[in-house]
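Which chain is which? The protein sequence lines are A and B, in order. The opening residue of the first sequence carries number 16 in the working numbering; numbering runs sequentially from there. The opening residue of the second sequence carries number -8 in the working numbering; numbering runs sequentially from there.
These are calculated hints, taken from the structure and not from any lab test. Backbone N, C-alpha and C fix where the C-beta goes; we use that ideal spot for every residue, glycine too. Check the hints yourself; a few may be wrong.
Below, a sample of chain A positions facing chain B; criterion: calculated Cβ distance under 7 Å [as the list claims (entries may be wrong)]:
(1) L97
(2) S103
(3) T108
(4) A111
(5) F115
(6) G118
(7) A125
(8) Y127
(9) V128
(10) G237
(11) W240
(12) S281
(13) T293
(14) I295
(15) L297
(16) A301
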Amino acid sequence: MDFELLTNILFATLRTGTPLILIALGEMVCEKSGVLNLGQEGMVLMGAALGFIAAVVTGHAGLGIIAAILAGMMMSVLFAFLAVTLVSNQVATGLALTIFGTGLSGFLGAGYVGMAIEGIAPFPIPFLSDIPVIGKVLFSHDPLVYFSWLMFGLIFWCFRSTRLGLTIRAVGENPEAANAIGIPVMKVRYGAILFGGAMAGLAGAYLSLVYTPMWSEGMAAGRGWIALALVVFASWKAERILLGAYLFGAASIMHLVLQGLGFEASPNLLAMLPYGATIIVLVVIASDAAKAKLNTPLALGQPYRPQV
Amino acid sequence: MLNFTLEKRPSDSKTMSYLSPIFAIVLTLVSGGLLFTLLGKDPFHALYTFFILPLTDIYGWTELAVKVAPLTLCAMGLMLCFKAKIWNIGAEGQFILGGLGGGYIALELMNAEGFWVLPLVLLFGALSGLLWAALTALLKTRFGANEILTTIMLNYIALNWLLYSVHGPLKDPDGFNFPESALFSEFATLPVLSDDYRLNISIFFALFAVAAIWALMSKTLLGFQISVLGEDKAAARFAGFKAERLTWFALLTCGALAGLAGVSEVTGSIGQLNPYISPGYGYAAIIVVFLGRMHPVGILFASMLLALTYLGGEMAQMDLALPKSLTGLFQGMLLFYLLACDLLISYRIVRKPSARLTSSSSSNSAQA
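Same shape as in the complex, but just chain B (with noise of 0.2 Å):
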């Protein structure tokens, strides 16, 4: 039947992983022309409408540093934990926290001037997020619980606290009923870069932190613990590494980035509370993790992709007349067809000697 089988290369191939995600793009865009055929659309102008023409214009490539801003910080976030092996969901939760605190206190200062106001916001923000990890933090290093189940029960409780918010407390008096905040007063507001376009400083910010995650994993002593724990922990424990303090740290630094990007989402490109903040750009992340090899600069094209994945989206809805929870279809793909390709990197494909010689073989070789 199957004339092939996997040959498991003496060594991890370098060549493949950095090949892995070209191969899973490739088979993202055959398979979405596939699908759009199936839909009785051209796939070639299809496609063309998801994934180029948004970035015709200066516009569209302001619109995608609009979204590459919350998820290139949300993923930097990410990797430290992934590095560390700490699962963490929760970048979801931590950034509607992030933007929900960071908000909170906009609506506060409402009537305040001066340009103390945003940074105090901004801190806020992040604060809330950070706070958040550390929930996480403390209920996988005090008491063992699993990461992935409680970042995951902490997003959809995030979530509920932000509709509680706008549905009560922090619902605009004057909005009509509708479940919003107030508008945040200027002085609460992300600058734009030019006010043709709604880029905010915001991109700057995931810049920095791409640049300061980069310095850190390959230049100090904390990134290379780190490092060492997610690959090896009987060693990190061996070498003195103090584990528990690794994950506090991970955790906190992913919550304070992801809470970041959440209180410059609200603070920029929104202007207020609403109960759609984040289209899941803490679970986006997660792939753009995976795709850009766990290396800030990857991660910074990999956020280029998911962001356009946003865009391709919308364009699609307006041009197409499709769903846009396209985006979330393209998305899953991409992961999927990633994971598929990384078995290249630890394993070649070869051909069956023989189907009669391998059954009795394999048999045998049971006892390794």
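Looking at chain A on its own, in the form it has when it is part of the complex (with noise of 0.2 Å):
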């Protein structure tokens, strides 16, 4: 394999794995909080609709970006009313997301389909994106491959020394005590629900604007719910969040792989790779239950109310 190829494949690599990492950190603050979000899917689309509508009526990629994180918000306002509020079943609930922002996604964007914009520049880093290799691979990229990073960072840093993170997995833990010790739960629950929704929306504003600049019916290919698999497969820590992510990342791109070493393959078979990954990864992470259920946060997918 020659150099060239090796880095283009850790470029597309690290794109995208992007997607996987917002969502899937979105959805890690949401767990930890002890709620189950399983609308991850239709709240993607939500954003990708939105976010592609809003940039082609603008005519602003960054426009879109703000109505796709507002679009996955509303989304998981949504979620937040019936699964807090109304302490319904969290899995039919985040199952109802889906299917919901999968309908209303399609609806909206049907006007848009086969549009084609320009989508977000990438952005090199100065100087640092002029180093042979690493330089293309981690520098050369589009702004919000950086703000992954960034919200990475965040989340790394909240959940190992500040009072918020605390807060939240006292929630997700027990909610019972934390409500005792004067946390208000709801609030803490609702506020992790829509951080979720909005990095689930910026995830699809990253498919339809960064990723292939276009809306298509369905676009997220299940995205959404990999990322799922990727918050239990990362034992709900944001490190090992942004390593899965990038290893599903190299799975999606196989494709890429195989030509440059001169292989035809059916690109659907290609594309069954990633789902085939999420289930042995599945697999990996069930044949160690008992550590799966250390980290599992004690509350999760129970609803609860304060008694009155």
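Starting from the two chains in their separate frames, assemble the complex, guided by the hints.
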């Protein structure tokens, strides 16, 4: 394999992993607060659709990103209202959010299929991007890739050494106790869910404005679900999400690798790889059930209402 | 701010569990009307076009039945799984595999003549769906992998497998390079009930499944064990029920039913393999199960409503020039409202005594 190919593959791996990092980090924060939101796929699709529409209508990709974040947050408010305020079953509500988001995004985006826009341009970091190989692989990306690293750093720091991180964890481990010491459990959960929604919306914008600047129905192609598996795989640790997302990114661009090596393979068969990889990962996680249990937020998926 | 609060009912309200779907349907219609108004359409005319117009002639009702059949078959299987609290989201993939497996045999037997061809094709379809579900059962019972995620991943893999097949090995050599298989022979095609309509005998498969699953759940020990497993895992273990075996049974049955739905679709109203053999029946069937209150008869009615959303979407596209994806939007709204209304099953809404009192008592009553 020649050197340039390797550089390109690493570059593409980072790009492909970025939406997964955004979604998974958001979902991790949400799950740390004890809420399992299976609606990621729906929120990502809404972000992708509205981000694209806003970019087309206003002509500014930057406004598209803001619209996508808002779309993700609006979807997550719906989820929060049902799952937190109305204490509905989180699994069913998350599924509903995905089905609803898939439908709504398809409906809203129907008039925009096939349109082309100028996506968000790469922003090579001065000087750093001139370093051979590393410059191309790490520092010649679009701004959202750098932003995903920033968010990783913030979240890592938040759960390692801030009061906020501790508060979120307390709510996710034992909402009764958190409530007893005066933590507003519902508010914290709302906040965590909203954050997850914003990140999922942003990931959607990444897909429709950067990765492939266009809109097509269902374009998230299961990334929301893969990110959910990623959170479990990472045992709710930000650094492992980063690693996992890039591993998945690599699996998703196997066609580049194979083409580079001169193999011909059906794109549909290769498209199965990330899904197959997810199943393998799920099996590996489950094989160490005791450890998985140790890391799972204790109150994950359990609705909670302070007694009135 | 909010003058109302939720109070847990002493026991779940049976009335509410039946009323909730009706509330949800009404709310969906109201929201739909608002949406149409926003889109600049006359809401009453638009709702009429979406929900009534498709059913104003016999053709419409037969088309409804064409869509009720796959939805009901998938939903009956899913019901078994959901009853046992197995979150099988994989009916979509099992449906696709059923179509693919059965379609493969139908293409292999292209030149075979005889009435044994169709049963064989159907059997293979059901078996393909069953084997696809067996993967999930294996991953869950042997490795403990979360079935929500494995089934969704298997759905995507199944879809890509179908795409690969119709773009590659199963593509019609005389098909002008379209991603479609050849048309199946008449011996591998489901008979229609009348030459004027597309309705075929798959509706009887669905009705039979309703009767069979109903009998299973209400008359047999196996059905009882499945319910107990879902309601109280510890009790089921204490009673000596074999959780693993029940899981296998529920998943395999669902796979076979969804597979049958898939093969009936390709040998019925489609007649060949193409990339669009499922308009999301496997996902819509999840809504059907919840809306139908996990009861076979309720599911049959819920299937009719969801089938209507497909017809309504097509009608809205033709008559109102609105995108067909309206279908997915209505389906999503329906499920959302249903979950919200289901809250009334175990909670009632009461007036808050007073804001001050509540805030002080809520901080004191933390330890239950």
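Taking the hints in turn, this is what the structure says about them:
1. Hint status for L97 (chain A) relative to chain B: holds, with the closest Cβ pair at about 6 Å, below 7 Å.
2. For S103 (chain A), the interface hint holds, the least distance from its beta-carbon to any beta-carbon of chain B being 5 Å, beneath 7 Å.
3. Of the supplied interface hints, the one on T108 (chain A) holds, with its beta-carbon coming within about 6 Å of a beta-carbon of chain B, less than 7 Å.
4. For A111 (chain A), the shortest C-beta to C-beta distance to chain B is roughly 4 Å, which falls under 7 Å, so the interface hint holds.
5. Interface restraint check for F115 (chain A): the shortest CB-CB distance to chain B comes to about 3 Å, inside 7 Å, so the restraint holds.
6. Proximity of G118 (chain A) to chain B holds as hinted, the smallest CB-CB distance being about 3 Å (cut-off 7 Å).
7. Of the supplied interface hints, the one on A125 (chain A) holds, with its beta-carbon coming within about 3 Å of a beta-carbon of chain B, less than 7 Å.
8. The restraint placing Y127 (chain A) at the interface with chain B is violated, with a minimum CB-CB distance near 11 Å, outside the 7 Å limit.
9. The criterion of a C-beta within 7 Å of any C-beta in chain B is not met by V128 (chain A), whose closest approach is roughly 9 Å, and the hint is violated.
10. Interface restraint check: G237 (chain A) against chain B, minimum CB-CB distance 5 Å, threshold 7 Å, status holds.
11. For W240 (chain A), the suggested interface contact is upheld, since its CB lies about 5 Å from the closest CB of chain B, less than 7 Å.
12. Residue-level restraint check for S281 (chain A) holds (minimum Cβ-Cβ distance to chain B is 5 Å; threshold 7 Å).
13. Because the smallest distance between the Cβ of T293 (chain A) and any Cβ of chain B comes to about 5 Å, under 7 Å, the interface hint for this residue holds.
14. A least Cβ separation of about 9 Å between I295 (chain A) and chain B goes past the 7 Å threshold, and the interface hint is therefore violated.
15. At its closest, the beta carbon of L297 (chain A) sits 4 Å from a beta carbon of chain B; the interface hint therefore holds under the 7 Å criterion.
16. Annotation: A301 (chain A) was flagged as interfacial toward chain B, and the flag holds, the nearest CB pair being 4 Å apart, inside 7 Å.
Consistency note: the structure conflicts with the earlier hints numbered 8, 9 and 14.
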